[in-house]
Structure formats: C-alpha cells, structure tokens
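Trainee: For reference, the chains in residue letters:
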Amino acid sequence: DVKVTQSSRYLVKRTGEKVFLECVQDMDHENMFWYRQDPGLGLRLIYFSYDVKMKEKGDIPEGYSVSREKKERFSLILESASTNQTSMYLCASVRQGSNQPQHFGDGTRLSIL
Amino acid sequence: GNSVTQMEGPVTLSEEAFLTINCTYTATGYPSLFWYVQYPGEGLQLLLKATKADDKGSNKGFEATYRKETTSFHLEKGSVQVSDSAVYFCALMNSGGYQKVTFGTGTKLQVIP
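Protein chains in written order, with the working numbering: chain S, 68 to 180; chain U, 50 to 162.
Think of the hints as simulated: they come from the structure by calculation, not from any bench.
You may find that some hints are simply not true.
Stated by the list, open to error - Label-pair ranges, simulated between beta-carbon atoms:
no., chain 1, residue 1, chain 2, residue 2, range
1, U, Asn108, S, Asp173, 28 to 36 Å
2, U, Gly110, S, Leu108, 25 to 33 Å
3, S, Leu108, U, Asn108, 21 to 29 Å
4, S, Ser74, U, Phe67, 17 to 25 Å
5, S, Ser132, U, Lys105, 40 to 48 Å
6, U, Ser144, S, Asp173, 44 to 52 Å
7, S, Gly130, U, Asn108, 46 to 54 Å
8, U, Ser128, S, Glu146, 46 to 54 Å
9, S, Glu146, U, Glu64, 43 to 51 Å
10, U, Lys105, S, Ile144, 23 to 31 Å
11, U, Gly127, S, Ser132, 44 to 52 Å
12, S, Leu180, U, Ser128, 42 to 50 Å
13, S, Arg111, U, Thr69, 23 to 31 Å
14, U, Lys109, S, Ser165, 42 to 50 Å
In this text, a Cβ means the ideal position worked out from N, Cα and C, and glycines have one as well.
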C-alpha cells in the first residue's frame, strides 16, 4: 500500500514565521502535489513537482514555495505566515504517466495566530 | 479549462436511506473520474474510479457510472449507514501531463440513526 506521510497533524504558528510542512511518500512516485482545503472551496492546488528539483505553480501559489531535494520528499514553505493561510494542507503523490488516482496523506491542520 | 460541479451540501439522511450525490464535469478529451471520501480528521481516500465512458466504479456499496453523453458521474448507494458520514469529493484527471486533478467543492453527508 502506498503511504504518504505528513509530518504534523496539527500545527500552530505565529504571523510572520517561516513555516515548513513536510511530506514523504514510499512508492517512488515521480509526481507530488500540495493542496489546501477550505470549506466551500474544495481542494485547491498550490504547487506540484514532477521530478527532483522540478516544480510548477498550481492555482494559488502566492505566499508559498516548495522544495523537492529528494524524490520521496516534498516540502511546502510558507515564507512569512499570515492568518489567511490558516487551513488544512494535503499532500498527494502519483506515478507519472499512469491513470491511477493520487494518494493522499492525512493532512496538516495549520493555524496561524 | 477543467471543472467539476457537485451538489451543495450538507446532505442529511436517515440510516438505510438511498443516497445520490450529483456530479457533472467539463473537460477536454477523455478524463478519468474519481470519487474520494474524507472521514472526519483524515485525508482523502479513493472511494471508486472510472477511466472510460460507460465504466461503472463500485466500492463498499457505492456506485458511479461514467456518462460521457451527460458529462456526469453521480454517486449512489442503496442503503447508507451512520459510518458513511463523511465529505465526498468528485474529481477528474486528464490523461497525460502531470496527472493534475480537478476537484469539486465536496458534499458533506450526515447519516442519522
């Protein structure tokens, strides 16, 4: 079974802090994704990566950056956290070129105070 | 661009009632279609999928048929249980590219005893 592990289930940070959210997958998937989930808005794609050191902006990249130094790990970075970034963050991965579904982690509920 | 529209929630049903959650989509080409489920406090899990027209996905008593002529993928279950209470997301993925997925906004289902 594919395992996508997000480092924290709950996180509380302060405005202006630099925040790191970590995601690791164990199935050697090439493609990895970061979403945020907000009530009434569903899941919105922040960034994705299709290879080590490669990244592409999603639909709402402003205020975020990402890092993919190793194939199994994809990090989301909030450069200077703001209260409007309080949300549930979900990481997903999938094998490139397949029509298989993305596999999701359990999510990180991030609160910015 | 791609889009997914699913019925507004929340949906409240009594145990053993019949469930339908409507989902329609707009996409180019021949996307794969998915239903994901999110139980309270958890990430998204794949519930079922269909990869071509007239395919029927099924799992745990849930079914959905890929209807290309009506661009729909409605989720149905004949007799819901309290344990089915969750948020359900309809989603599509175009073949090729980076397996980016477009999600609907989610429908919250509450089943009462």
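Trainee: Look at each hint and say if it fits the structure.
Mentor: Hint check:
As the Cβ distance of U:Asn108 to S:Asp173 is approximately 20 Å, the hint placing it in 28 to 36 Å is violated. Evaluation of the 25 to 33 Å hint for U:Gly110 and S:Leu108 yields a pass: the beta carbon distance comes to about 29 Å. Taking 21 to 29 Å as the suggested C-beta distance range, the pair S:Leu108 and U:Asn108 conforms, at roughly 26 Å. Evaluation of the 17 to 25 Å hint for S:Ser74 and U:Phe67 yields a failure: the beta carbon distance comes to about 41 Å.
For S:Ser132 and U:Lys105, the Cβ-Cβ distance of about 42 Å falls inside the hinted range of 40 to 48 Å, so the restraint holds. At roughly 28 Å, the beta-carbon separation of U:Ser144 and S:Asp173 lies outside the given 44 to 52 Å, and the hint is violated. For the pair S:Gly130 and U:Asn108, the beta carbons lie near 37 Å from each other, so the given range of 46 to 54 Å is not met. The hinted window of 46 to 54 Å between U:Ser128 and S:Glu146 holds, with their beta carbons roughly 49 Å apart.
Our hint of 43 to 51 Å for S:Glu146 and U:Glu64 holds, since their Cβ atoms are close to 48 Å apart. Hint check: U:Lys105 to S:Ile144, Cβ distance near 42 Å, so the stated range 23 to 31 Å is violated. Distance hint check for U:Gly127 and S:Ser132: the Cβ-Cβ separation is about 47 Å, which falls inside the suggested range of 44 to 52 Å. The hint said 42 to 50 Å for the Cβ distance between S:Leu180 and U:Ser128, and at roughly 44 Å that hint holds.
As the Cβ distance of S:Arg111 to U:Thr69 is approximately 26 Å, the hint placing it in 23 to 31 Å holds. Look at U:Lys109 against S:Ser165: about 23 Å separates their beta carbons, and that is not inside 42 to 50 Å.
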